[in-house]
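Student: So you can see what is in the structure, the chains are spelled out below.
2 protein chains.
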Amino acid sequence: MNLEKFIRDVPDFPKQGILFKDITTLLQNGDAFRLAMNRMMKKYRGEEIDKVVGVEARGFILGGIMAYKLGCGFVPARKPGKLPYSATREEYTLEYGTNALEVHEDGILPGEKVLVVDDLLATGGTALAAARLVEKLGGTVVGIEFLVELGFLHGREKLSGYKVNSLIAY
Amino acid sequence: MNLEKFIRDVPDFPKQGILFKDITTLLQNGDAFRLAMNRMMKKYRGEEIDKVVGVEARGFILGGIMAYKLGCGFVPARKPGKLPYSATREEYTLEYGTNALEVHEDGILPGEKVLVVDDLLATGGTALAAARLVEKLGGTVVGIEFLVELGFLHGREKLSGYKVNSLIAY
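As you go down the protein sequences, you meet chains A and B in turn.
According to the working numbering, the first sequence is numbered sequentially starting from 1.
According to the working numbering, the second sequence is numbered sequentially starting from 1001.
Hints in this document: simulated from the structure, not taken from any laboratory.
Just so you know, these numbers come straight off a predicted model, no measurement behind them.
Do not take every clue at face value.
As the list claims (entries may be wrong) - With a cut-off of at most 30 Å between alpha-carbon atoms, the simulated BS3-like pairs for lysine-lysine come out as follows: (1) K1042(B) - K43(A); (2) K1069(B) - K15(A); (3) K1113(B) - K69(A); (4) K43(A) - K1079(B); (5) K69(A) - K1042(B).
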């Protein structure tokens, strides 16, 4: 099954001139969704993973499933102010200005092997912030998984040093 | 296993006087997380479900897993402006002011059987908006599933007419 054909192109979202890769058309097709998730997880079968960190918000959908299937814990990496308990923060730069991600301080324990999951690899800034949060808490990032990769934005270069995988690359 | 003991009480979040039920301590424990999800899905095994609608953002974690396990599609119900394609909107009232949820217009097809999933049943306003969106698009809500229910807020009354289930009730 060619999963790429389930991704919808939406022009001018979130702003003029950007061709948005909409994954909801894949998620809403039961067969395509299931196949995509199974392919994303295949390489980790039998590997010892302690936690999956899912990046808000679409990374929650994919990361939750991967944690459930791997039988490990799920830890949300959230936008600032969303987590109720003590959290550690990592800022990252956007095209204009900065943003930040937070993870609960007790979300990752020292020595844990952690998989970072998000839907889209664009410039790589968000995923790098998530990976650094894992390391701040003493965890080891064993891989960073994406459903879609926009290769022309060179996000992999920012994530060099990590094992990066994507299912559908443009 | 008593799942309630994996929920953390956080006082004064998101504001003074509110005792927040933090589910991240359950999610980050692989065994508790898996058991919670299996219990939430048990009653739907063998039932024909076409779509799971997960409510942003924590409903994405739980709803994604349920869709994957049930072998059906996943549809996100999002805060306004987050969905890239044509979406239908339902407003709901909060303690102060209003908020809204959106679902893509092609997310649910007429006649589909849909499960609505969120982490927390408080006053029920958000889940009711999600259920109405499903119905606006011609779907039938076969159940509304929560991980945690704050019974003292009487959200079930607002959702009367729907099959409502929660795993952990206070």
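Student: Against the earlier hints, flag every one the structure doesn't satisfy and list their numbers going up.
Tutor: 2 and 4
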